[in-house]
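J.: The lines below spell out each chain.
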Amino acid sequence: MSYELLIPEILVGTLALLLIIIDLFINKEKKHFLAHITAFGISAIIFITIFVKINGNYLFDTVGQLSFSFQGQNTVFQGFVFDRMAFVFKEIFLVIALFVTYLSIDFFKDARFGRGEIYPLFLCVVLGMMFMVSATELILLFVAIELTSIPLYIMAAFKHKNNNSGNISGEAGLKYFILGSLASALLLFGMSLIYAYTGSSFISEIAKHLTFDTIESQLTTPPALVVGLLFVLGGLAFKITAAPFHMWAPDVYEGGPAPVIAFLSVAPKGAVIAVLIRLFITYFSPLLSGWTLIFSILAVISMFAGNLLALHQENVKRMLAYSGIAQVGYVLAGLASAKPGNMTGVEGAIFYLIAYTVTNLAAFGVIIYLSSTIGKGEFVNDYKGLAKRSPWLALVMLVSFLSLAGLPPLAGFIGKFYLFLGAVKSGLVWLAAIGVVNSVISLFYYLRIAKAMYLEEVPADASATLPSLKPASLVLWITLFAIITLGVYPAPLASLSSEIFKMLIPL
Amino acid sequence: MIEWNGVLTSLILMPILGAIAIICSSKNEFISPRAISLIATLFGFILSLAVYFGNAFNPLAPGFQFVDHIEWLPSLGISYYLGVDGMNLPMVLLTGILGITAVLASWKIDKRPKEFFALALLVIAGVYGVFVSLDLFFLLLFYELASIPIYFLIAIWGSDGTNPWRATKKEYAALKLILYLQFGGAILFISFLLLAINAPQLTFSIPELLKVQYSQAFQHWVFPLLVIGFGIEAGLWPFHTWLPDGHSAAPTAMSMILAGVLLKMGGYGLMRLPFTLFPQGVHDWVLVFAVIGIINIVYGAFCALKQKDIKYIVAYSSISHMGIVFLGLATLNIIGFNGALFQMFSHGVVTALLFALAGLIYEKTHTRLVTEHGGLAQRMPFLASTFVIGALASLGLPTLSGFVAEFLVFLGIWSVPDRFYHILAMLGIGTLVITATYLLRAVQKIFYGPLNEKYSTLADLSFIEKIHPVLLIIFIIVVGIFPSIITDVSTMTLTSVLDNLRNIIPGVMQ
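Protein chains in written order, with the numbering used here: chain A, 16 to 522; chain B, -18 to 491.
Honestly, the hints are just simulated from the structure, not real lab data.
Positions of the beta carbon are idealized from the N, C-alpha and C atoms, including for glycine.
Please note that the accuracy of each hint is not assured.
Unchecked claim - Partial selection, computed: residues in chain A whose CB lies under 7 Å from chain B:
1) 422
2) 423
3) 424
4) 436
5) 439
6) 440
7) 447
8) 452
9) 458
10) 470
11) 509
Could you build all of it, start to finish, from the sequences and the hints given here?
T.: Given below as structure tokens:
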């Protein structure tokens, strides 16, 4: 048992508790100090986990050698694994939380909020996601998923006093809660079926029961076990808004407060994709051909549903929800191309996730910026003439949309190239063709906002210039830089993705 | 493994640096966007002239010269690979010429000039990149880099169509263009992935792919995919419908670039990839390709006959002339190939001239309808004479470059000992009459006849406005009288392409 491996989680949990306690002593008007404390705390955690040596070793040294272990151990117990993918994803979640905190400092200053619980809730979600990417045991996985989801339900309902349009945030939170609980129930049912047929809740034990007669090409596992796994897959697909499990996403994205939605659109998706890679592609690989078939079906439905339904949206947050569904479709297409000997698609999925993360943060960052300064930013009409009012914000929005559409020389293009290369390598040319056609379709609705920003005139009642927000601008600078750098110089991240994947083979 | 020459990279980099400089500059009149873009494109023009006419390029040497090669993403087989040979060097020269003339043609832009010149420079950089790229990934990257800014350029600075039967707004034309070009890019994306994966070792570099033997079935199905992908760009019928609206709605400089080099990017792509890499595919599909080529010529000419908007006339004539390129490729002999490449160069210059002058006419008279003009030659003799030269070049008058191109292509077709080809040749040559009709009729309606009262106060071209038509005319005449300027450079490379084809296809001639 090496509890040193739990240091990231312990630190995050401690910070969350600290924030709750500090929150008690802060006045209603000064709640935004909590944001600064949170940001400082997260930065400290990132620094400690990367740079501080524990007993003479860096924490990530455990994953530096081929036989990854920290003082000879790489698991806390058989259900918690600490390898390179887990480490990288944990750091990514911390960075996302840091960015969202900075982006939303001015957003939550509004007297409508007046409550500081949002920051410890962010950290609870991060804690849950950290456990999710390390989990190789069903109960731990379930608890981690719940720890991720329940604070998100609360956070989605956070903006409880809306302008005049009723309680849309509360409605979003309630919808998310009910549908999310249904998904968790399905997940748990699947897990109980699995336990019933294998007698163990450890993934490595379960994997031993999955057999596939390659000579006869027949499934020789008990069918109920496969059904259980499918329920688990369905529950997880809900969390990443894969179609046809996506129905909650547009309403929740429209109603929730923008920073929460920014976080929700990138972080849980990354966590669940990591879980999918760890479970279905690595451990449950005897049935890989079955899983890839399901992934490819989910991918096609997600791509079409997301792109076609986004074409008519006038609400930018809703449009980003549908675009997120389509983006998950591309990532699933990469996972669907996994085959023994060709993991390019999976590496591409990890690359694309990171590219999608920075891009979506940039896009939502602009929405948050506009909402914080002029109170608008939800509808396409709010963006008319933005190029003249704030050329910098319009540029960030344009670059992030072009990256989402997969245009060079931006990060999204490299990611899509990687993903579709993997698909074609596995012989799934039809999947790559559908993906590429969908990218062209998506260009239409992304260009619509670009058109509004650059071609339309500034409406008469809009302010001519926007005040500047330092923290939010800093985050937007960093994400813009990241999008362009990843597009022009992708080699470091590409080799990181391959390295992550090489270390994933279960012992 | 690194090879570095730097010349081609600087060709691509200068416009990009110019664009960045423009964006970062304040509204200081001394370093105006026009001056920066003029310097950037002048650099490209002089450098391309130096590379073309200097002694450093040896047309007889096999392989590529001026190579820049850096490993970029080795795990995926992608490298930054630039180089020129006889096939793309004339195109590089064409881009050099068109870059500077497009900037000169836009000298009077006063609406948001910063953004205009920055975006235009990005397009020019992308075009250079496509022509010199020897890695499929970077070819696609530069293709996209060239096409995206065009959407904004047309949608903001373009003009609406004035066809009496169908008025098209510029935003519509821009959106149609970008979606169509992106769709072509998507098809190319898939084709490139298929090409790269079926090589023994995953690689995207063209010189490596040249050595790969693709299976017959693969060639049979991927050849049309590549042809459609590049054909969308090149105005291949029936994928040409973005062309008339897009070219006509675009601002003058963009029309010149679109018709001058963007179409040629498609033609060059056709030459470089499907016709070089897929001998079996060529053998299977060449007749279909020849028929589509002749449809381009005839259909384009007849459509142009009907048009009343001057830019639409020139746009449809572009479709028609690209058909000559396609026919030249379909001949599979060195005369036809040389003719196709020659036509790409010649038509690029001629159509740029015509669009530049059409833009100048529009500036002066504020109408694009041919019927509303009349007798302009009395007020603007210089404009009239340059337009007449352009029209004569387009219809193939000897001593001008268009004649050489068409002569080579039709001689190539006639050299094929196949009656079917001879019929196609006759159809094509017959269409020259139609070409002459619509061009001369436009000239007559605009410039000759009684002077329309509205235009009695028009002045002729100013000095700045005279530079780029004269520059283009110089090239048209020089290349028309000394066609060996182009063919000396291209013949060796095209001959080696044909040798490769001859191994598979019997009857490919010298």
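J.: If a hint holds in the structure, say so; if it doesn't, say that too.
T.: Hints, one by one, checked against the model:
1. 422: Nearest chain B Cβ about 5 Å off; hint holds.
2. 423: The hint holds - residue 423 of chain A has a Cβ within 7 Å of chain B, the shortest such distance being about 4 Å.
3. 424: 6 Å, holds
4. 436: 6 Å, holds
5. 439: Result: holds, 4 Å to nearest chain B Cβ.
6. 440: Given a least distance of 5 Å, the restraint on residue 440 of chain A holds.
7. 447: 6 Å, holds
8. 452: 6 Å, holds
9. 458: Holds, because the Cβ-Cβ distance from residue 458 of chain A to chain B comes to roughly 6 Å (cut-off 7 Å).
10. 470: 5 Å, holds
11. 509: With Cβ-Cβ at 6 Å, under 7 Å, it holds.
Comparing the model with each earlier hint shows no violations; every hint is respected.
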